[in-house]
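Chemist: Spelled out, the chains give:
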Amino acid sequence: GAVVSQHPSRVICKSGTSVKIECRSLDFQATTMFWYRQFPKQSLMLMATSNEGSKATYEQGVEKDKFLINHASLTLSTLTVTSAHPEDSSFYICSAGTGTSGGAGAKNIQYFGAGTRLSVL
Amino acid sequence: DAKTTQPPSMDCAEGRAANLPCNHSTISGNEYVYWYRQIHSQGPQYIIHGLKNNETNEMASLIITEDRKSSTLILPHATLRDTAVYYCIVKGNGQNFVFGPGTRLSVLP
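Protein chains in written order, with the numbering used here: chain P, 13 to 133; chain F, 62 to 170.
Read the hints as simulated data drawn from the structure, not as lab findings. Quick reminder that beta carbons are idealized off the backbone N, C-alpha and C, glycines included. There could be a bad hint or two in this list.
[What the hints assert, rightly or not] Chain F residues, not near chain P, derived (Cβ > 10 Å throughout):
#, residue
1, Thr87
2, Gln99
3, Gln103
4, Asn115
5, Asp128
6, Thr140
7, Val159
8, Pro170
[To be verified] In the DSSO-like style, the derived pairs of lysine-lysine whose C-alpha atoms are separated by at most 30 Å in a straight line are:
#, chain 1, residue 1, chain 2, residue 2
9, P, Lys53, P, Lys76
10, P, Lys32, P, Lys53
11, F, Lys64, P, Lys53
12, P, Lys76, F, Lys64
13, P, Lys67, P, Lys78
14, F, Lys113, F, Lys64
15, P, Lys53, F, Lys130
16, P, Lys32, P, Lys78
17, P, Lys53, P, Lys26
18, P, Lys26, P, Lys76
19, F, Lys130, F, Lys113
20, F, Lys64, P, Lys67
Let's have the full structure, built from the sequences with the hints guiding it.
Modeler: Following this line, the structure appears as structure tokens:
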């Protein structure tokens, strides 16, 4: 299957600092990437949809000014957690698909990165 | 909200088949069934997907009932490495993947 690389795998930072997470599709181009957050013992929650060359679409309740998303190319999306606080500590996961945005079936399998564990002290 | 219902946990003996059920009674005609799994502290891994017909790949088999209201993921010879949370997701055009709580499969030696 297609490979999605996510970096870094773990971040420990002080409260108030900003953290950037990168998500790359290594062997395919992705017009759309997705960012999820997962708290301990909970399922993945979609935060936002990252669209190449345009603004991201955020889910209800997700602060767009706090979670900045940039999708500058067909293979790279970044999530920046600005002024991180302890409550932002979580497991952040990106995904990318090989098909058109919002499609279904074989052309729209989502491939996930390994995730980034953020710990804010 | 997730459109699927799965048992919260299951056990399976190593070497035996693991049969993971999923109920999706409200599935509509253009929605596919996808299965992913998440091993602890990793991102979800794609397993298989299907629309109407049964599907098989190197990882698993997917059996979809004729009325499409439920499906079963089959791992034919479970190993300890198959211990994970398994997610059954129904998705159609214009929809995002919505993850429910999944089934925590424990493969026992």
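Chemist: Take the hints in turn and mark each one as holding or not.
Modeler: Hint check:
no., hint, result
1, Thr87, "holds (16 Å)"
2, Gln99, "violated (8 Å)"
3, Gln103, "violated (6 Å)"
4, Asn115, "holds (15 Å)"
5, Asp128, "holds (19 Å)"
6, Thr140, "holds (19 Å)"
7, Val159, "violated (7 Å)"
8, Pro170, "holds (24 Å)"
9, Lys53(P) / Lys76(P), "holds (25 Å)"
10, Lys32(P) / Lys53(P), "holds (24 Å)"
11, Lys64(F) / Lys53(P), "holds (20 Å)"
12, Lys76(P) / Lys64(F), "holds (27 Å)"
13, Lys67(P) / Lys78(P), "holds (14 Å)"
14, Lys113(F) / Lys64(F), "holds (17 Å)"
15, Lys53(P) / Lys130(F), "holds (28 Å)"
16, Lys32(P) / Lys78(P), "holds (12 Å)"
17, Lys53(P) / Lys26(P), "holds (24 Å)"
18, Lys26(P) / Lys76(P), "holds (21 Å)"
19, Lys130(F) / Lys113(F), "holds (10 Å)"
20, Lys64(F) / Lys67(P), "holds (28 Å)"
The structure shown violates the earlier hints numbered 2, 3, 7.
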